[in-house]
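Enquirer: Residue numbers (this note's numbering), protein chains in the order written: chain A, 1 to 137; chain B, 138 to 517.
Just so you know, these hints were derived from the structure itself, not from any lab.
Careful: at least some of the hints might be erroneous.
Selected chain A positions facing chain B (Cβ under 8 Å, derived; list incomplete) [said to hold, decoys possible]:
id : residue
1  : 6
2  : 51
3  : 57
4  : 58
5  : 77
6  : 82
7  : 113
8  : 121
9  : 126
Note that the structure is predicted; figures quoted are calculated from it, not measured.
Idealized CB from N, CA, C, for every residue including glycine.
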Amino acid sequence: MLGPERKSSKVQLVLMGAALGGVALAEGWPSTDVQRNRYASLDDCVTDYSYAQCNPDAPLNGNSGNGVATHYYYYGPWYRSDFRNRTTSSDPADPGPGRSDRGAHALALSGGHGPVGVEAGSRGGFGSHGRVSARGS
Amino acid sequence: MRRLALEPRRDWHRRVEELGFDFHTIDGEPYWREDACYHFDSAEIDVLDDATAELHALCLEAVDRIVRVGRYAELGLDDYAAGLVERSWRACAPTLYGRMDLRYDGEGPPKLLEYNADTPTALFEAAVVQWHWLEDVFPGTDQFNSIHEKLIDAWAAMPHSGKIHFAACRSQAEDRATCDYLRDTAMQAGIDTVALDIEEIGWAPSAATAGAFIDLADTPIHSLFKLYPWEWLLDEEYAPHIAKLPDMRWIEPPWKMLLSNKSILPLLWEFFPDHPNLLPASHRRGELAGMMRSPGVGIVRKPRHGREGEGIVVLGSGIDEPPADAPAVYQEFRQLPHFGDRYALIGSWIIGDKPAGIGLREDADRITRNTSCFVPHYFD
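Based on the sequences and whatever the hints tell you, model everything.
Expert: Written out as structure tokens, the structure reads:
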């Protein structure tokens with residue numbers, strides 16, 4: 001008597017294949033560092049972003065030791081640091097620098113105080129070995 | 138186990154390219170070959186299936202023993218890597234896949250040559266391309282290949298929160314295809330996915346939280362499939378951030394570092410001496426000579442982290458051993474079965490915790506490399 005087949009009963013693809021096209025990334029290497037705006041208050045932050053995008057956090061170089069209480073600020077989302085230099089249209093998923101970046105006039109109309117600082121993140125901290133060697137095995 | 142000469146499908150280029158297989162020819166040389174195939178009988182397939190399951194069980198037992206007594210130094214792992222291994226092992230972080238390279242000629246037990254447990258490739262051609270070849274060429278026969286179904290099942294069973302990110306060196310065709318294929322199967326399991334290059338991963342620091350790895354849309358990455366070796370991740374700028382995120386899921390998990398490392402071969406032989414699916418192995422050549430059961434056979438030296446045959450040296454008698462530029466292990470050399478002028482290696486896939494199928498690569502040289510050809514198989 002024959003046993004069950006050892007092969008897949010069907011092999012269909014939803015992403016790969018010529019008919020559907022390959023995966024096209026919106027952006028390729030090289031990419032850029034990121035940053036986020038720091039605000040003195042939630043009200044100032046929501047002038048630039050939505051409530052959902054504003055979160056409390058402490059400055060990376062803030063004092064959190066020696067019994068000194070950490071001072072919390074409100075932070076907007078991370079966005080690409082090269083937003084001013086980009087010639088192509090922005091990634092729609094990137095939140096950008098916030099409404100206050102449009103200048104003093106926009107800031108006055110919005111009623112907010114704008115960011116009190118900017119903190120930097122980074123990209124490219126993985127991948128250096130991959131530029132020179134095979135990865136798979 | 139036989140190698141059969143075949144007439145390739147007249148439109149095979151088009152057929153495989155329709156599947157998204159765009160690296161069937163590499164640097165003008167064929168990588169996918171269907172002017173031949175390998176034929177097995179069902180008893181031989183049972184042997185391969187059983188040996189793969191057995192070896193997987195041995196590997197899991199070996200990981201547990203290593204973690205319990207902390208034998209990380211023998212694998213070249215420092216305290217930081219060991220911490221990641223222990224945390225992921227104790228959390229039962231699930232594995233998705235791995236490929237064991239086996240020496241098998243249809244007679245005698247399959248022997249484990251190495252375990253590509255972290256970043257195995259040759260997956261898409263094994264799971265998809267050879268399956269479609271079978272449907273076209275030998276439609277009434279079977280193939281040891283349920284990789285595709287088992288991948289979808291494994292993704293469906295894998296715990297994750299929200300989307301899974303898929304990172305690879307996307308400028309490399311084979312890596313991109315492997316990553317995209319796995320992403321395809323994850324999507325078929327109902328998972329929301331995002332693809333990015335490994336270099337596009339960002340780090341968003343935070344003083345109040347642990348920080349987060351982020352994607353190009355600045356979204357935190359909670360679950361990451363990475364086609365990028367652990368030993369490289371741990372040697373790069375972002376390595377110190379990894380331990381800050383104990384809840385982040387890595388696929389493959391850090392404990393796979395123990396198995397993708399060829400220093401596991403001497404440990405397996407120590408834990409399970411004379412096991413029929415293992416070959417004697419040691420970190421010391423002189424010690425290995427005393428372990429070998431077959432007088433007169435050679436010794437092969439393998440670098441701890443070599444890939445695609447890189448750095449492998451067969452040491453014959455009377456030949457001075459060339460200096461090694463990296464830590465290496467010594468293993469009893471068993472020549473691959475050869476059919477005409479072709480040496481054949483079996484890559485046996487584990488998906489989740491189950492044997493799932495095989496892919497064969499062959500070469501005119503006795504060492505299988507990234508230039509070796511993939512040849513399909515069937516059995517009846």
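Enquirer: Of the hints given before, which are not true for this structure?
Expert: 2, 6, 7
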